[in-house]
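Q: Starting from the given sequences, assemble the full structure and let the hints guide the process.
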Amino acid sequence: MNEIQVPEEAHPSDEALLADLGRVLAACDSPPDGLVERVQFALELENIDVEVARWERAGQLAGVRSSVDQGTITFTVSDLTVMINLTKVGQVHRIDGWLVPAGEHGVEVRVAGHGSSSTVSDEGGRFVLDSVPRGTTQIVISVGGAASRRTVVTPAVVL
Amino acid sequence: MTDVDTAEAGPPWEGLRGPELFEACLHAAREGDKRGLDRLVAELTPLVWNVARGHGLDRHTAEDVVQTVWLALLSHLQKLREPKALAGWLVTTARHEAQRANGRKQPPVPLTDEMAETVPSTLPAPEAEALRTERDRDIWAAFGKLPQRCQELLRLTVLAGRAEYRVVAEALQMPRGSIGPNRGRCLKTMRELLDIEGGSA
Chain D
400 MNEIQVPEEA HPSDEALLAD LGRVLAACDS PPDGLVERVQ FALELENIDV EVARWERAGQ
460 LAGVRSSVDQ GTITFTVSDL TVMINLTKVG QVHRIDGWLV PAGEHGVEVR VAGHGSSSTV
520 SDEGGRFVLD SVPRGTTQIV ISVGGAASRR TVVTPAVVL
Chain Z
991 MTDVDTAEAG PPWEGLRGPE LFEACLHAAR EGDKRGLDRL VAELTPLVWN VARGHGLDRH
1051 TAEDVVQTVW LALLSHLQKL REPKALAGWL VTTARHEAQR ANGRKQPPVP LTDEMAETVP
1111 STLPAPEAEA LRTERDRDIW AAFGKLPQRC QELLRLTVLA GRAEYRVVAE ALQMPRGSIG
1171 PNRGRCLKTM RELLDIEGGS A
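Same order as they appear, the protein sequences are chains D and Z. The opening residue of the first sequence carries number 400 in our numbering; numbering runs sequentially from there. The opening residue of the second sequence carries number 991 in our numbering; numbering runs sequentially from there.
Don't read these hints as lab results, they were simulated from the structure. Predicted, not measured: the structure shown is a model, and the values here were computed from it. Treat the hints loosely; a few may be bogus.
[Said to hold, decoys possible] If you want a taste of the chain D side facing chain Z, the calculated C-beta under 8 Å gives, among others:
| id | residue |
| --- | --- |
| 1 | D419 |
| 2 | G421 |
| 3 | V423 |
| 4 | P430 |
| 5 | L434 |
| 6 | F440 |
| 7 | L444 |
| 8 | I447 |
| 9 | D448 |
| 10 | V451 |
| 11 | V488 |
| 12 | V491 |
| 13 | P554 |
| 14 | A555 |
| 15 | V557 |
[Stated by the list, open to error] Away from chain Z, derived, C-beta distances all over 12 Å, residues of chain D:
| id | residue |
| --- | --- |
| 16 | T480 |
| 17 | G502 |
| 18 | S515 |
| 19 | T518 |
All C-beta atoms in this analysis are idealised placements derived from N, C-alpha and C, irrespective of residue type, glycine included.
A: Next comes the structure, spelled out in structure tokens:
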């Protein structure tokens, strides 16, 4: 405890304290590594008139995380729910998806550095994409199909 | 993106800082120059992050809020009337999203000791490796004990800087003249907490 020095100015000025706080916040509570890049990737969209689906993390109390490699993830926005189930197959993923309300919606899965895969959900709202590369991933839904005027996007998640 | 002159001359915001930088980047982004948006994301993500964290969100939920806010900006790019209002818009939207995320939190469930260990605490432990000195650890501990409103105000003050007081005041819906006194009271409380930390050693 001899490293503690009682400072001569027991009350540093506001400016000095703010400067210290800024340094401490930057050191131990700065944004996670890669977040800026994930956001930049998520914003690389041709159509910028988009609605944002939020990641529902309910039920993951003890397992919250920003990356997922197995299991189900749910995104929602207003009346639309996007559920995907991931299955790891070697170095790639199989994605089984389900859109509610059901219908033929355009589905694009973008993976950073790997372009994108597209499909259309069936009448029941289900879709399957095999061999999706792992990595920073975003799903873009054209509600009601390609001629849709409504585009829903998810955040970029690491799958 | 085929504008060779622009690429060679460097982006038009080169050398700019603060609000002027954001204004130039926003203008470029509106014209479809992705570099403008990328720069804004790099410059202002810490601001959005700190708003989310200042609302007591854990790091994962805070990341969700950051992404949602930036994606929401896309459809608002053309609607922001005043480019200088960007930082304020980001803060306001982040607060709204953070409150929404807080509202969605599950009601607290009784935790077993085992579960409690696996639930990440909102703030990293003060002995986090990044905090190298006793003084830094004391500051972090004292900050964590401040009322949430103080934590948010101080985070914004540190991030936005004095020049952006107007942004902070508007986003926090505080009368402009009350920011300084409020900040002063928060810092006073923090100093008192620091004295306790120091005194107990």
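Q: A separate judgement is required for each hint: does it hold in the structure or not?
A: Results for each hint:
no. : hint : verdict
1   : D419 : holds, 5 Å
2   : G421 : holds, 4 Å
3   : V423 : holds, 5 Å
4   : P430 : holds, 4 Å
5   : L434 : holds, 6 Å
6   : F440 : violated, 10 Å
7   : L444 : holds, 7 Å
8   : I447 : holds, 4 Å
9   : D448 : holds, 5 Å
10  : V451 : holds, 4 Å
11  : V488 : violated, 26 Å
12  : V491 : violated, 24 Å
13  : P554 : holds, 4 Å
14  : A555 : holds, 7 Å
15  : V557 : violated, 10 Å
16  : T480 : holds, 15 Å
17  : G502 : holds, 23 Å
18  : S515 : holds, 17 Å
19  : T518 : holds, 22 Å
Violated hints, in rising order: 6, 11, 12, 15; the structure is consistent with all others.
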